[in-house]
Amino acid sequence: MTKFDLDIGAMNRRQFIGRTAAAGLIAASSGTLVGTSAHAQAPKTGGHLKLGLKGGASTDSLDPATYSGAVLFVMGRCWGDTLVESDPKTGGALPALAESWQPSADATSWTFKIRKDVKFHNGAPLTVTDVIATLKRHADAASKSGALGLLLSIQTIEEKAGDLVITLKEGNADLPLILSDYHLVIQPNGGMDKPLAAIGTGPYKLTNFQAGVRTTFEKNKQDWRSDRGFVDSVEIIVMNDNTARVAALSSGQVHYINSVDPKTVNLLKRAPTVEILKTSGKGFYSFLMHCDTAPFDNNDLRLSLKYAIDRQAILDKVVGGFGKLGNDYPVNENYALAPEGIEQRAYDPDKAAFHYKKSGFDGAIVLRTSDAAFPGAVDAAVLFQESAKKAGITIDVKREPEDGYWTNVWNVQPFSATYWGGRPTQDLRYSTSYLSSADWNDTRFKRPDFDTMLLQARSELDEAKRKALYAQMAVMVRDDGGLILPVFNDYLNASTKAVKGYIHDIGNDTSNGYVASRVWLDA
Amino acid sequence: MQPDLETGRLPAQKMSADGAQPPQETRQDKVGAAPPPEGVIDGFFWRKLRLHQPLSALILQRLGLSIGLLFAASLLIFGGVEALPGDFATTYLGQAATPQAVENIRHELGLDRPLGERYVSWLSGAVRGDFGTSWASRNSVGEQIGNRLGNSLFLAFFAALISVPLAIALGMISVHFRDRFADRLINIVSLAAISLPEFFIGYLLILYFGVQLGWATFPSTVYAGMPFADRLSAIALPTATLVMVVLAHMMRMTRAAILNVMSSAYIETAELKGVSGLRLIAKHAAPNALAPVINVVALNLAYLVVGVVVVEVVFVYPGMGQYMVDAVTVRDMPVVQACGMIFAAFYIFLNMAADILAILANPRLRHPR
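Protein sequences appear in the order of chains A and B.
Read in order, the letters of the first sequence are residues 1 to 523 in the working numbering.
Read in order, the letters of the second sequence are residues 1 to 369 in the working numbering.
It is worth saying that the hints were derived from the structure and are not from the lab.
Everything numeric in this text was worked out from a predicted model, so none of it was measured.
All C-beta atoms in this analysis are idealised placements derived from N, C-alpha and C, irrespective of residue type, glycine included.
Mixed in with the good hints, there may be bad ones.
[Claimed, not checked] Residues on chain A that point at chain B, a partial pick, calculated with CB under 10 Å:
1) 125
2) 148
3) 149
4) 216
5) 219
6) 238
7) 243
[Stated by the list, open to error] Quick list of in silico lysine to aspartate or glutamate cross-link-like pairs, DMTMM-like style, CA-CA up to 20 Å:
8) A:324 - A:350
9) A:389 - A:439
10) A:194 - B:108
11) A:169 - A:158
12) A:390 - A:451
13) A:144 - B:179
14) A:89 - A:227
15) A:144 - B:108
16) A:113 - A:158
17) A:144 - A:218
18) A:119 - A:193
19) A:144 - B:117
20) A:390 - A:379
21) A:467 - A:451
22) A:144 - B:230
[Stated by the list, open to error] Where chain A lies over chain B, by a calculated footprint (3+ residues, C-beta under 8 Å):
23) 266-279
24) 313-325
Starting from the given sequences, assemble the full structure and let the hints guide the process.
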């Protein structure tokens with residue numbers, strides 16, 4: 001259910017309620033992980049860090065259950081912690097508020113040891129009770145939490161001998177990573193009484209919050225970790241206008257901005273004080289077809305459209321080269337246990353024409369698109385139209401209003417543009433939208449044999465067997481599914497040169513939300 | 001009174017082109033409109049009041065109409081947001097909506113109740129001054145609007161403080177030097193300023209004064225507890241942008257209205273008796289040209305309060321416009337309604353004030369035939 005949104009604008013607020021991997025910060029390794037400097041630098045402390053971020057609105061609420069959009073994502077990481085974080089390089093689970101964990105043999109019952117030395121911002125110690133209350137609040141069937149969908153398989157959450165024990169309805173080897181979701185910030189008494197208090201265990205304490213305008217934090221002097229939170233204070237200014245962000249960064253009024261437009265990134269590069277931060281991610285831009293709706297219920301027609309798209313042209317022209325080619329399955333090498341050696345599908349008008357003819361379909365195919373689907377979706381659709389024309393396939397590009405796109409077009413119309421944010425694991429990626437019964441099965445991909453393999457892989461603790469299953473599943477989606485995936489987009493952010501220690505995190509954008517706790521200022 | 005009827009529409013159209021306007025541009029009829037409906041005020045009393053206190057009668061009548069208009073505007077806004085595709089639950093959850101989550105939200109907010117019932121319950125709260133809580137942020141709408149409205153008024157006040165006297169002075173100067181170099185220059189510059197879209201002016205100012213010269217503060221974000229001097233320096237660029245946007249319109253109206261008067265016989269008389277120069281314009285011509293100028297100033301003031309969402313976005317300024325657009329995007333009805341009501345109230349109030357001032361400036365209008 002995660003849509004990590006690169007382009008949440010004020011006029012065009014796209015939702016990203018969803019899930020991302022939490023990123024772990026490995027003690028004492030921050031210097032070596034940084035791509036910006038060849039030499040490991042010791043972090044400097046102090047200073048006032050200013051972030052100009054797109055993706056906030058005056059409707060934002062401090063309750064982490066409702067978090068969506070880049071601003072709240074980063075804010076939650078400032079004041080709170082999750083039980084588990086994810087490794088910025090591999091995506092593997094790292095201990096955070098849970099110091100260790102142990103699954104049962106069938107991965108249905110998990111025991112987490114909770115850290116004892118942690119205090120909330122209000123001085124109260126962190127207890128197992130707080131953790132349990134937090135998880136119960138998000139897992140409640142009546143909850144509006146963005147993490148509810150992730151927690152549906154939980155049967156019980158209880159305390160046993162001072163540890164947290166979670167019992168699942170079915171085995172799941174990925175449970176620790178699920179708990180790294182950014183909604184699952186541990187709050188005193190789970191935030192049952194005061195969901196909006198923003199009291200947590202994070203590196204910064206909230207000092208002021210004006211929804212959609214500005215948020216300030218000060219350093220949490222009692223932070224339980226010494227490898228983060230280097231600046232004295234953090235200020236987040238909501239800047240939904242692309243030009244405003246770029247102007248504020250190049251004039252030095254802010255230290256960091258997110259969501260740089262790929263079309264202007266080369267101009268921004270010329271500014272002597274600015275550094276472009278490009279991070280490879282797991283999210284992608286795509287077109288989807290409903291496998292159960294005519295004419296897309298014919299696999300030859302689906303294949304013909306997959307061959308008729310010029311992926312390279314979309315990579316170059318729509319995302320300015322900032323991305324990687326997709327191969328019609330929703331996983332790339334940033335996922336653990338990613339399949340290897342699947343042949344890259346390329347633009348081939350002859351094969352497209354062959355399959356098109358074989359499908360027996362004739363006439364125009366309506367493709368619905370909007371820049372709400374992803375930035376440049378209209379351009380991408382027109383490029384698709386052009387490349388398909390060379391194969392003798394007629395596509396009618398129908399531009400839809402941005403407002404209401406997710407309600408009226410996506411997952412409703414049989415052929416439309418969309419994007420998906422990353423998921424921590426392949427299991428979650430496929431469970432979200434390729435399981436026959438999934439709510440967001442936006443390609444109507446329904447194959448019982450695929451479902452069986454997915455469930456088999458989920459509870460499989462042997463990695464080699466798991467990887468083999470995932471490779472088979474990827475091929476099934478690639479050759480039989482309704483997904484046309486031209487590119488995986490990079491996360492594009494920028495900072496001034498004073499910002500050091502930025503960690504390129506494959507988990508999600510803005511260093512998986514941890515930008516404020518990971519960087520330091522070197523004036 | 002003629003020219004303002006045409007040009008007076010300009011800002012209203014401009015605003016609706018910005019796309020963020022509630023349908024409140026219900027410009028009232030000119031002075032001396034129809035008497036209030038029968039039964040509202042006793043007929044005899046009303047006639048007496050009109051005869052002896054025409055101004056009080058007019059203000060009373062206008063106030064009554066304004067309340068009716070506000071009511072109509074609230075219906076329009078409510079209906080308009082309802083007609084948009086998707087409701088709060090689906091748009092708030094976006095692509096992440098599950099039937100269960102949508103149902104939870106709908107039930108909690110009472111979206112499963114019938115339309116009329118929801119409107120009546122909102123209205124009964126609003127009449128008592130309770131605008132409810134925002135669905136999205138769960139904060140009190142009244143409190144949030146207080147901050148935002150304060151910011152909007154702060155910016156509008158300074159923009160008006162500079163632009164209104166400047167426009168009227170420039171208008172008089174250009175009449176004085178009509179068809180000569182100064183007149184042409186003022187016209188060309190102000191037309192150029194109004195012809196450029198406001199976001200473009202904004203970007204130019206940011207580029208030169210914010211980024212390259214570094215003289216001005218950017219972004220213009222203001223927040224509670226910000227020192228007053230910092231606030232002033234933060235709004236320098238947006239104020240400059242707004243001044244450029246509204247200046248030409250008021251200036252040209254002043255010029256046209258005064259020129260209109262300048263051709264009348266009494267001005268000729270004044271000239272013949274030796275009055276000349278700016279004194280003639282300011283003392284003799286301007287008072288009779290006041291009415292249309294007041295109207296155009298009022299429309300521009302209304303624009304400065306309700307129509308500046310683009311400027312707010314460009315300069316990252318937390319005003320009302322941005323607040324309302326955010327709310328419309330997620331169909332946060334209590335916020336949309338409250339913002340719409342405030343905008344409509346401003347519009348109606350400023351227009352009413354303009355009408356009354358125009359009547360004060362021209363006694364002939366007090367006794368319509």
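Structure-based check of all given hints:
no.: 1; hint: 125; in the structure: 28 Å, violated
no.: 2; hint: 148; in the structure: 7 Å, holds
no.: 3; hint: 149; in the structure: 6 Å, holds
no.: 4; hint: 216; in the structure: 9 Å, holds
no.: 5; hint: 219; in the structure: 20 Å, violated
no.: 6; hint: 238; in the structure: 7 Å, holds
no.: 7; hint: 243; in the structure: 6 Å, holds
no.: 8; hint: A:324 - A:350; in the structure: 24 Å, violated
no.: 9; hint: A:389 - A:439; in the structure: 34 Å, violated
no.: 10; hint: A:194 - B:108; in the structure: 18 Å, holds
no.: 11; hint: A:169 - A:158; in the structure: 15 Å, holds
no.: 12; hint: A:390 - A:451; in the structure: 37 Å, violated
no.: 13; hint: A:144 - B:179; in the structure: 67 Å, violated
no.: 14; hint: A:89 - A:227; in the structure: 17 Å, holds
no.: 15; hint: A:144 - B:108; in the structure: 10 Å, holds
no.: 16; hint: A:113 - A:158; in the structure: 12 Å, holds
no.: 17; hint: A:144 - A:218; in the structure: 29 Å, violated
no.: 18; hint: A:119 - A:193; in the structure: 18 Å, holds
no.: 19; hint: A:144 - B:117; in the structure: 25 Å, violated
no.: 20; hint: A:390 - A:379; in the structure: 17 Å, holds
no.: 21; hint: A:467 - A:451; in the structure: 16 Å, holds
no.: 22; hint: A:144 - B:230; in the structure: 40 Å, violated
no.: 23; hint: 266-279; in the structure: violated (count 0)
no.: 24; hint: 313-325; in the structure: holds (count 8)
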